[in-house]
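Chains as they are written, first to last, in this note's numbering: chain A, 1 to 141; chain B, 1 to 141; chain C, 1 to 141; chain D, 1 to 141.
Please keep in mind that the hints were generated in silico from the structure rather than gathered at the bench. Computed from a predicted structure; not experimentally measured. Using N, Cα and C, we set each Cβ at its ideal position, and we do this for glycine too. Don't take each hint at face value.
[Claimed, not checked] Derived DEER-like restraints, expressed as beta-carbon distance ranges: (1) C/Asn12 to D/Lys56: 54 to 62 angstroms; (2) C/Ser49 to A/Lys56: 39 to 47 angstroms; (3) A/Arg77 to C/Leu126: 49 to 57 angstroms; (4) B/Thr6 to C/Asn12: 50 to 58 angstroms; (5) B/Gly58 to C/Lys119: 21 to 29 angstroms; (6) C/Glu79 to A/Lys56: 43 to 51 angstroms; (7) B/Gly58 to A/Lys56: 27 to 35 angstroms; (8) C/Lys106 to B/Ala41: 42 to 50 angstroms; (9) C/Leu101 to B/Thr6: 30 to 38 angstroms.
There are 4 protein chains.
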Amino acid sequence: MNRQKTISHEINLTVPFYDLDPMQIVWHGNYMNYFEDARAALFRSAGISLYDFYEKSGIVFPVIKTSTKHIFPLRYRDEAVCRATLVEADYKIVVDFEIRLASDGKICTRGRTEQVAVKAPGMELLYSVPDEIKSLLGSSA
Amino acid sequence: MNRQKTISHEINLTVPFYDLDPMQIVWHGNYMNYFEDARAALFRSAGISLYDFYEKSGIVFPVIKTSTKHIFPLRYRDEAVCRATLVEADYKIVVDFEIRLASDGKICTRGRTEQVAVKAPGMELLYSVPDEIKSLLGSSA
Amino acid sequence: MNRQKTISHEINLTVPFYDLDPMQIVWHGNYMNYFEDARAALFRSAGISLYDFYEKSGIVFPVIKTSTKHIFPLRYRDEAVCRATLVEADYKIVVDFEIRLASDGKICTRGRTEQVAVKAPGMELLYSVPDEIKSLLGSSA
Amino acid sequence: MNRQKTISHEINLTVPFYDLDPMQIVWHGNYMNYFEDARAALFRSAGISLYDFYEKSGIVFPVIKTSTKHIFPLRYRDEAVCRATLVEADYKIVVDFEIRLASDGKICTRGRTEQVAVKAPGMELLYSVPDEIKSLLGSSA
Chain A
1 MNRQKTISHE INLTVPFYDL DPMQIVWHGN YMNYFEDARA ALFRSAGISL
51 YDFYEKSGIV FPVIKTSTKH IFPLRYRDEA VCRATLVEAD YKIVVDFEIR
101 LASDGKICTR GRTEQVAVKA PGMELLYSVP DEIKSLLGSS A
Chain B
1 MNRQKTISHE INLTVPFYDL DPMQIVWHGN YMNYFEDARA ALFRSAGISL
51 YDFYEKSGIV FPVIKTSTKH IFPLRYRDEA VCRATLVEAD YKIVVDFEIR
101 LASDGKICTR GRTEQVAVKA PGMELLYSVP DEIKSLLGSS A
Chain C
1 MNRQKTISHE INLTVPFYDL DPMQIVWHGN YMNYFEDARA ALFRSAGISL
51 YDFYEKSGIV FPVIKTSTKH IFPLRYRDEA VCRATLVEAD YKIVVDFEIR
101 LASDGKICTR GRTEQVAVKA PGMELLYSVP DEIKSLLGSS A
Chain D
1 MNRQKTISHE INLTVPFYDL DPMQIVWHGN YMNYFEDARA ALFRSAGISL
51 YDFYEKSGIV FPVIKTSTKH IFPLRYRDEA VCRATLVEAD YKIVVDFEIR
101 LASDGKICTR GRTEQVAVKA PGMELLYSVP DEIKSLLGSS A
């Protein structure tokens, strides 16, 4: 049986000047930073640092897929909430993202990232997320 | 009848130091820069600058969707080719991307961006790409 | 007589993954982001937004000089404090920066930025910071 | 006797969209990227890769000081030349930078970076640039 807690975590962010483009909105590529921050905070809330795990195990978790949907643009100094929700931690680690304005909850951005476990330095694909990570994320084989 | 030339354009790139992450590979978010460069070159090859078009018309083309697939990581000083191919320029501007190693043609990354036409400053959605852009991109209504 | 309050402001920061380089430390160029965040917070604490001022006056404050000194590198997830201190707001706006580790106060980085007032779009140099900004920053002619 | 060839190298660059700020000019922090690209090309022209040197020796060359002077702003699609000139490769590696518009040679930016040799992972300061690097850069003790 494959069971998983719903793991979700939110971070607050304020749009910095250097994330804006000449159209006065956040350049689409910079949303990946917000996702990264939220994903790291999600893992941390579950007691996981993929960075530390790499240092002890040599296993890295490269992002193999991303998608974003931009519904409403963020502007300078906008205060927003980025929620990361774990979707899967079995063969891959899949995380969904949603960015809302802090003021009125308007949804601005949605996204997803997928990561696989790979053994460095040869980058050999492991066909499953390591058990230690899985159990902290609440999956059971 | 809806007809469109196949418009495609390639740029060369060499991976800079500041695009790398601690795992010695290009951080996934930085591929959006390569896509941006290739898309701008694609438009330029068709005689279009969306930036200039904005200055004269007040119409901007925000990216509303992106997706990436990372097949093989780029590393420091890798020489690569990023090809941008126009998929649609009707309701939206849709462009596909493919990044290959220059040395052996190995496919590293695939991606897509979608843009809509919006009238600044109120950001009112136009339900079609302006005719001037369409005709330069080879679409016919 | 030329008098000025000592205006100083601190922000907290946590080093994100995407600011690191392959040597596992923050890439030197990314410290400019931390300075920008601290400078914006400093101005905000004095009731100033240079961004809003530009929108109403057409006057911008481009950075014309920067310097940094890197004493101790920041690493992933380091918690640090960046203090911005106003040095001058007369002919130029000069701000000094100091980044310390939150844990033990170790000094990591020092820096300075200098900005001048310029009238857009022709970018004509104004030889003084506008009075409204000066008075909020506590300078008196 | 301390002798050194004048080592200088130029790269061409075209300003990308994502380096611009809301004032339609290159954000000051992004000039560090242009300097990095020019410095790497300078070393490469002398047969040096500090990245490869690190991999075989464990010696890294962190930037300990930077300075920039912004004379004329770069804008979207500006074509520019960034020249890097070696100033010293003895105790430190010091490189000067100058960015000019390709069209008319107008000077836009000047800068300098200083790097020291440090032994990873303990980051112990070496009080001199390693001989192998020095000799490739043309210094003689």
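Structure-based check of each hint:
For the pair C/Asn12 and D/Lys56, the beta carbons lie near 39 angstroms from each other, so the given range of 54 to 62 angstroms is not met. Evaluation of the 39 to 47 angstroms hint for C/Ser49 and A/Lys56 yields a pass: the beta carbon distance comes to about 46 angstroms. The hint said 49 to 57 angstroms for the Cβ distance between A/Arg77 and C/Leu126, and at roughly 25 angstroms that hint is violated. For the pair B/Thr6 and C/Asn12, the supplied restraint of 50 to 58 angstroms holds, since their beta-carbon distance comes to about 52 angstroms.
A beta carbon spacing of about 23 angstroms between B/Gly58 and C/Lys119 agrees with the range 21 to 29 angstroms that was offered as a hint. Separated by about 22 angstroms at the C-beta atoms, C/Glu79 and A/Lys56 break the suggested range of 43 to 51 angstroms. Roughly 55 angstroms separates the CB atoms of B/Gly58 and A/Lys56, a value that falls outside the hinted 27 to 35 angstroms. C/Lys106 and B/Ala41 have their C-beta atoms about 46 angstroms apart, which keeps the hinted 42 to 50 angstroms range intact.
One distance hint, 30 to 38 angstroms for the beta-carbon pair C/Leu101 and B/Thr6, is violated here, with the actual separation near 55 angstroms.
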